[in-house]
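Asker: In case you want the letters, here they are:
There are 2 protein chains.
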Amino acid sequence: MRRFATERAKRLLFGSLLASRSPPSAFLCSSPPAAAAMDPAAGVVTVDTINPKVLKCEYAVRGEIVSHAQRLQQELQDKPGSHPFDEILYCNIGNPQSLGQQPVTFFREVLALCDHPSLLDKSETHALFSADAIARAWQILDVIPGRATGAYSHKLLIRQGIKGLRDAIAAGIADRDGFPANPDDIFLTDGASPAVHMMMQLLIRSEKDGILCPIPQYPLYSASIALHGGSLVPYYLDESTGWGLEISELKKQLEDARSKGITVRALVVINPGNPTGQVLAEENQREIVNFCKNEGLVLLADEVYQENIYVDDKKFNSFKKITRSMGYSDDEIPLVSFQSVSKGYYGECGKRGGYMEVTGFNAGVREQIYKVASVNLCSNISGQILASLVMNPPKVGDESYESFNAEKNGILSSLARRAKALEDAFNSLEGVSCNKAEGAMYLFPRLRLPQKAIAAAKAVNAAPDAFYARRLLDATGIVVVPGSGFGQVPGTWHVRCTILPQEDKIPAIISRLKAFHEAFMEEFRG
Amino acid sequence: MRRFATERAKRLLFGSLLASRSPPSAFLCSSPPAAAAMDPAAGVVTVDTINPKVLKCEYAVRGEIVSHAQRLQQELQDKPGSHPFDEILYCNIGNPQSLGQQPVTFFREVLALCDHPSLLDKSETHALFSADAIARAWQILDVIPGRATGAYSHKLLIRQGIKGLRDAIAAGIADRDGFPANPDDIFLTDGASPAVHMMMQLLIRSEKDGILCPIPQYPLYSASIALHGGSLVPYYLDESTGWGLEISELKKQLEDARSKGITVRALVVINPGNPTGQVLAEENQREIVNFCKNEGLVLLADEVYQENIYVDDKKFNSFKKITRSMGYSDDEIPLVSFQSVSKGYYGECGKRGGYMEVTGFNAGVREQIYKVASVNLCSNISGQILASLVMNPPKVGDESYESFNAEKNGILSSLARRAKALEDAFNSLEGVSCNKAEGAMYLFPRLRLPQKAIAAAKAVNAAPDAFYARRLLDATGIVVVPGSGFGQVPGTWHVRCTILPQEDKIPAIISRLKAFHEAFMEEFRG
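Taken in sequence, the protein lines are chains R and X. Per our numbering, the first sequence starts with residue 7, numbered consecutively. Per our numbering, the second sequence starts with residue 7, numbered consecutively.
Hints listed in this document are in silico derivations from the structure and should not be mistaken for laboratory results. Don't take every hint at face value.
Same chains, same label: a pair holds when it works inside one copy or across any pair of copies.
Claimed, not checked - Listed next, the in silico DSS-like pairs over lysine-lysine satisfying Cα-Cα at most 27 Å (straight line): (1) K442 with K520; (2) K377 with K214; (3) K464 with K520; (4) K414 with K128.
Bound-form chain R, shown alone:
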């Protein structure tokens, strides 16, 4: 069936990766086919003649299930009442503001003033903006050469982002960690994704270079590794210990990859986890750092959910803080920390702001990172400004502090309540078990599906979790992402569900989900 074509392609792709858990095989790209050089027609662009690395790259979060949801949404609009629900509930993507989350006022005030600085000269502005937003806009404009928010940020050695904004971010990092941060280590980027691509581009020379990635993983990593022609070396998170990250598993997979001739270059750790929501314990982080140190690996730390913690007994610790608290100096551990304005309580996905903090590389390599960053010119200045703001929000005594704090805490406590409600709902379902979302924005429940459901999925060439997600969507309008898009232990099935629908919608989501699940289990019961 046409509608399952993408899912099928995905299973084929992940098939080689996940066919056997022991020994797990690395995901190898084949060599590009030799071009038939003498024939001009060989150059004509078809799917068969484009870069095969592009063909191999898959990106599940915005895959077939989402396209189908969009078709249903159009049908609902064209013909109200044509489906057993009146709206599509997007639980597939970490995009808070598309689901009604309001932007944080202080951040938007500052952005508007920086966009149109002549407002700052007018008296009416004081009636419309808070005093500290006005002061902050002045501060920011003062660190932008010529106050030119419409200029590339290149002059004065600021190609990696405006120096004054990097100073502010470094100060924010130092406040967070209790260890100094160097503004020259900060590279401002359009969200975290381009930063990840840059590092993959730098590290991957051929399919013999491997990157250790968690399974399940956020598919940016598999997509970026495929695009740059490297090998994804999987390590499995342990669902039975709340998605624990075991050093023994890292070692086993590293050795297995090496035995296959793969040079493993880096370890990706996502903390808090995506799609898994776990928050790493400090002791575990120390072990990870030592593992990277001993094995000569770059530690790529995806820390974009650092503000999203929902349980009292866990705390976010940056890997930078962990390495420094272990006594390692700036030179000893090659470490890249990714941060983004898209997540946290701010959720400013559309602004495309973010940074990477790069430490532990020698001067020659840093120069090459700088070059790769320069080829894309600078990142957008509004995103740069916003990155400096989220790392330096209003402080006690600022006019906006109380209202800012109320907005922030309102969002975070609501997210915690939504996470708990959805977790409980999933755990109440027959055959479903769901670890806590300690952090991030997702739940990743495991589905134990009846054999008949698995057979029915097979009959339409779908993975069982894709089959379940499709049936859920058709029955309820709820969009979740099949676990096969993130990778999972073969023979287990999951879905990823965000905790982002607005709180007043959660009860309806839960009741629809329960009713659907009961009917589904009833239909396929053995």
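Take the given structure of chain R and dock chain X to it, following the hints.
Answerer: Then chain X, alone, in the frame of chain R:
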């Protein structure tokens, strides 16, 4: 000497490309070295173990001469009077607002309102913003799902950019060309650079795939081709006919590349030219289209300077308009047109807005382009909004129309005067000839340097034009980019000089330039 190291690397790089004009050799990347897989230390990141494609990539506009200028600027700041000039005059980069050009008021009003939409509910706002900016902001917010300027633009099949903004851009293109444009052909991007990278990533499979590029060229192209591991196939613009683009030269280079086993996939045309400033004649564009059609090449049309035309007898024609006026349908010519908010009269480099209009590819290939665009999530929403604004500026009858038009014409007529004044100045110098800047933002004068100067350059391991540019900077504070960064016919020497310093600085630049040049020629006269 350390300070010329980058220039030397550049010459080595371009050496193989430009060593002989006839037959010209394509620039081939060597294969990545095999990794020593069994040895963990082989994975440690050094310059010798990173992706060699990254090492090969060079980007001249922001190269060694700029770093030196930044050092001088710091010295001037720390120790005023330490150099024979009191400021650095950056004529190296097309970054208008960094040199004092003011942003266009209407565009910034709309951006500020979209950034902070709650302003729209307040009465004071009418005292601060024009009525049509307020109306436009409402229009834009109405086409953004949930009015969420902080959301990824993914829902409703809008991963390639917000649908309503693409509609506006398509309408702007149709107005410009007199032929319809399809919003589904528009991919919104963070400036034009990521769009160019995406197309290179799609087209290049290995070093056996070639891209025909003008020489001189904007080094984004050589950098992107190197990063993606392809071969740059050069074609030379004819300086003696005002940087003419000869079809016979295209044919010769194409055949030469094919005889070497290169599959040529695309032709890059920059119109108006960068660094060369010429505007193509309509008849010439038709020939280029037919050449691509006959040879099965994708036409990559860099049209980011479409608003920058300074002579009465030339007019910008998009390649889309040319192909349609020749009777070709949307399916017949694979054509990608790049546009950016960074250039034009708006010069909004820091906003990172732009788009590519993609026509003539089959559905399968389009899907792959869509995928590559999705891997980077969406482009920043402020940049998307700005791209829709520059393609649909205020119209007759709008409140802002007159003031907008005055700002626009003020900038463009000033740029035309600056171009003419600098062109005349270069042509007045001994041994220098300079073609007209018919468009774009640059002059690319040819320097005929005395043999003694060439010998002096050689003695310090510098290209003669880099030597000249360095001496110019040290004597006057004027920063220009050596022609060797763009490529040039071997044995000829040029510099690229922007026309962007504010008009009141132009007389001083000219007098400093003349005095320097006379002294230089005097020093090295044979």
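Asker: Would you mind marking each hint as holding or not holding in the structure?
Answerer: Consistency of the hints with the structure:
1. Taking the shortest alpha-carbon separations for K442 and K520, only the intra-copy value of 19 Å comes in at or below 27 Å, while the best inter-copy value is 72 Å.
2. Taking the shortest Cα distances, K377 and K214 sit within 27 Å of each other both inside one copy (24 Å) and across copies (25 Å).
3. Within a single copy, K464 and K520 get their C-alpha atoms as close as 24 Å, which meets the 27 Å cut-off; across copies the closest is 79 Å, which misses it.
4. In this assembly of identical chains, the alpha carbons of K414 and K128 lie at most 27 Å apart only when taken from different copies (24 Å versus 30 Å within one copy).
The structure fails none of the hints (numbered hints given earlier).
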